[in-house]
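S.K.: Please work from the sequences and hints to get the whole structure.
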Amino acid sequence: MTDLQNYDNKDPSETASEALELGSDNTDFSKDPYYAEVSDALADKGFVVTSVEDLVNWARTGSLHWMTFGLACCAVEMMHTSMPRYDGERFGFAPRASPRQSDVMIVAGTLTNKMAPALRKVYDQMPEPRYVISMGSCANGGGYYHYSYSVVRGCDRIVPVDI
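The sequence shown begins at 1 in this note's numbering and counts up one residue at a time.
Calculated directly from the structure, the hints in this document are not laboratory data.
C-beta: ideal position from N, C-alpha, C; glycine also.
You may find that some hints are simply not true.
Using C-beta positions, here's what the derived DEER-type ranges look like [claimed, not checked]: (1) Arg96 with Ala43: 31 to 39 Å; (2) Pro84 with Ala36: 35 to 43 Å; (3) Gln125 with Asp156: 15 to 23 Å; (4) Glu77 with Glu53: 29 to 37 Å; (5) Tyr147 with Phe91: 34 to 42 Å; (6) Ala36 with Ala72: 43 to 51 Å; (7) Pro84 with Ala41: 34 to 42 Å.
M.R.: Structural data, given as structure tokens:
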């Protein structure tokens, strides 16, 4: 008997719960209260009845909240994402002023040796899971000021960079 035939012989409620147990990146959703409610409804009825508002609110709980660690001109460009033209907040990508409320830190600009301990301190204050985006050539490798005595040649030497 092939795997497909085994799959066809299973109870539909079992296969639905197995499929929802792990996300595409093997994330365990069993601790999420919304997931538990959906899983129970699928096991009982085979379909889910909910409001769009509940679904949208659940999706927003996983939205990324970012903070800027703006050091130079790239930070001004990054701020455009919050302005009316791009308006990232309507998609749930909201800026935060405190590292304790942030999931993502965007480092933009030239990082100097004197500023490096402050970057590390702010990074350590962020809750897990935390992500760092290095934006622009200055943050990535020192940029135009690469050979200066006071410039860190990439913020990845101070904090782990994800993007």
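S.K.: Each hint: holds or not?
M.R.: Results for each hint:
1. Evaluation of the 31 to 39 Å hint for Arg96 and Ala43 yields a pass: the beta carbon distance comes to about 37 Å.
2. Between Pro84 and Ala36 the beta carbon distance is about 39 Å. The supplied range of 35 to 43 Å therefore holds.
3. Between Gln125 and Asp156 the beta carbon distance is about 19 Å. The supplied range of 15 to 23 Å therefore holds.
4. Distance hint check for Glu77 and Glu53: the Cβ-Cβ separation is about 35 Å, which falls inside the suggested range of 29 to 37 Å.
5. Taken as a hint, the range 34 to 42 Å holds for the pair Tyr147 and Phe91, whose Cβ atoms sit roughly 40 Å apart.
6. Between Ala36 and Ala72 the C-beta distance comes to about 46 Å, which sits within the given range of 43 to 51 Å.
7. Hint check: Pro84 to Ala41, Cβ distance near 40 Å, so the stated range 34 to 42 Å holds.
Of the numbered hints given earlier, the model fails none.
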